[in-house]
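Chemist: Sequence:
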Amino acid sequence: MLILRRIGYGILGLLLFAALVLAGWYQIDGQPLPETEAFLAEPGFDFLAEPDGGLLFTPHEPNGHGLMIMHGALIKPQSYAKTAAYFAARGYLVYLPSGPARLSIAAVDSAAARLAELGMDDWFFIGHSMGGLASMTLLDNYPINVKAVALWAAAMPVDLSHIEVPTLFLWGDKDGLLTMGRFTAGRLHLPAQTTSIKMLAGANHRDFAMYSHQFFDNEGLLGWEQQIDLANEMTAEFFTKHF
Numbered sequence: 090m091l092i093l094r095r096i097g098y099g100i101l102g103l104l105l106f107a108a109l110v111l112a113g114w115y116q117i118d119g120q121p122l123p124e125t126e127a128f129l130a131e132p133g134f135d136f137l138a139e140p141d142g143g144l145l146f147t148p149h150e151p152n153g154h155g156l157m158i159m160h161g162a163l164i165k166p167q168s169y170a171k172t173a174a175y176f177a178a179r180g181y182l183v184y185l186p187s188g189p190a191r192l193s194i195a196a197v198d199s200a201a202a203r204l205a206e207l208g209m210d211d212w213f214f215i216g217h218s219m220g221g222l223a224s225m226t227l228l229d230n231y232p233i234n235v236k237a238v239a240l241w242a243a244a245m246p247v248d249l250s251h252i253e254v255p256t257l258f259l260w261g262d263k264d265g266l267l268t269m270g271r272f273t274a275g276r277l278h279l280p281a282q283t284t285s286i287k288m289l290a291g292a293n294h295r296d297f298a299m300y301s302h303q304f305f306d307n308e309g310l311l312g313w314e315q316q317i318d319l320a321n322e323m324t325a326e327f328f329t330k331h332f
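Per our numbering, the very first residue in the sequence shown carries number 90; after that it's consecutive.
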């Protein structure tokens, strides 16, 4: 009985330790940088934080298109404020879902429902990291009129090559999470005939957005400001071809 009790205490201790590690991880990773606040207050759009944690940017001069930005794992939607403001200023209605436990793959169903409520005739998607898989999963399971998709450093563990949608895949050669091996394997799961792949020299995983820390990533050579500017410009140009 004493041995069993000691084993039980040991298991309980391991579970407690794991819970503390997970709680610490959530406190460190994915927190928006203070600089994101300035982008929420830029002119040209109205900003709304929704009750479920999602964000909505409504342009003053709409171009008639919607844009959904799906966050990466553990990353708060506000970390994409620079990109949201950029596209809202160009007339897109920009919606950023918020996944339960900061996991965007868990936001697919609720995001699809919100897109339907917003009533746009067509949508463009941007998905970063896990948000790329979440965006493609939504597209595969719901009849949303999506004109084009941009995947930023998005691993594709599931075969979605049957989806025929114009797709831009941006990836950095300093990415510590989406390594060359994972990138090569995931490439086979993308729609081969409609995917354009662009490598950003010096780009890492984290600096596609504005957040505090990314475990297992490498240091990029561009910094978040330049890397996001490049991603925004390349994505906007790609989307314009598919209006």
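If you're looking for bench data, these hints aren't it; they were derived computationally from the structure. Everything numeric in this text was worked out from a predicted model, so none of it was measured. Glycine residues also receive a C-beta, built at the ideal position from the N, C-alpha and C atoms. Be careful, since some hints might not be right.
Stated by the list, open to error - Okay, derived cross-link-like pairs now, DSS-like style, lysine-lysine, Cα gap no bigger than 27 Å in a straight line:
| hint | residue 1 | residue 2 |
| --- | --- | --- |
| 1 | Lys330 | Lys287 |
| 2 | Lys330 | Lys236 |
| 3 | Lys287 | Lys263 |
| 4 | Lys236 | Lys287 |
To be verified - Quick list of simulated restraints, FRET-style, between CB atoms:
| hint | residue 1 | residue 2 | range |
| --- | --- | --- | --- |
| 5 | Gly291 | Arg271 | 33 to 39 Å |
| 6 | Asp211 | Glu308 | 37 to 43 Å |
| 7 | Ile194 | His302 | 30 to 36 Å |
| 8 | Gly291 | Asp198 | 32 to 38 Å |
| 9 | Asp248 | Leu192 | 38 to 44 Å |
| 10 | Ala281 | Asn234 | 19 to 25 Å |
| 11 | Ser301 | Lys330 | 31 to 37 Å |
| 12 | His302 | Leu277 | 27 to 33 Å |
| 13 | Asp141 | Leu277 | 33 to 39 Å |
| 14 | Leu310 | Asn234 | 17 to 23 Å |
Chemist: Assuming the hint says 32 to 38 Å, is it satisfied by the Cβ distance from glycine 291 to aspartate 198 or not?
Modeler: holds, 37 Å
Chemist: Do leucine 310 and asparagine 234 keep their Cβ atoms within the hinted range of 17 to 23 Å?
Modeler: violated, 38 Å
Chemist: Can the suggested window of 19 to 25 Å be confirmed for the beta-carbon pair alanine 281 and asparagine 234?
Modeler: With Cβ atoms ~22 Å apart, the hint holds.
Chemist: Can the restraint linking lysine 330 and lysine 236 be considered satisfied, given a maximum Cα separation of 27 Å?
Modeler: Distance of about 10 Å is within 27 Å: holds.
Chemist: Please work out if lysine 236 and lysine 287 have their alpha carbons no farther apart than 27 Å.
Modeler: holds, 19 Å
Chemist: Should the hint that aspartate 248 and leucine 192 are 38 to 44 Å apart at their CB atoms be regarded as holding?
Modeler: Violated - the Cβ-Cβ distance for aspartate 248 and leucine 192, about 21 Å, lies outside 38 to 44 Å.
Chemist: Can the restraint linking lysine 330 and lysine 287 be considered satisfied, given a maximum Cα separation of 27 Å?
Modeler: holds, 16 Å
Chemist: Indicate whether the distance between the beta carbons of glycine 291 and arginine 271 respects the range 33 to 39 Å.
Modeler: violated, 19 Å
Chemist: Given the hint of 31 to 37 Å, check if serine 301 and lysine 330 actually sit that far apart at their C-beta atoms.
Modeler: holds, 35 Å
Chemist: For aspartate 141 and leucine 277, compare the CB-CB distance with the range 33 to 39 Å and indicate the outcome.
Modeler: For leucine 277 against aspartate 141, whose Cβ atoms are near 35 Å apart, the range 33 to 39 Å holds.
Chemist: With 27 to 33 Å as the target window, see if histidine 302 and leucine 277 comply at their CB atoms.
Modeler: Distance hint for histidine 302, leucine 277 holds at roughly 31 Å.
Chemist: Quick one: are isoleucine 194 and histidine 302 within 30 to 36 Å, going by C-beta?
Modeler: Violated - the Cβ-Cβ distance for isoleucine 194 and histidine 302, about 21 Å, lies outside 30 to 36 Å.
Hint compliance for this structure: hints 5, 7, 9, 14 are broken, all remaining hints hold.
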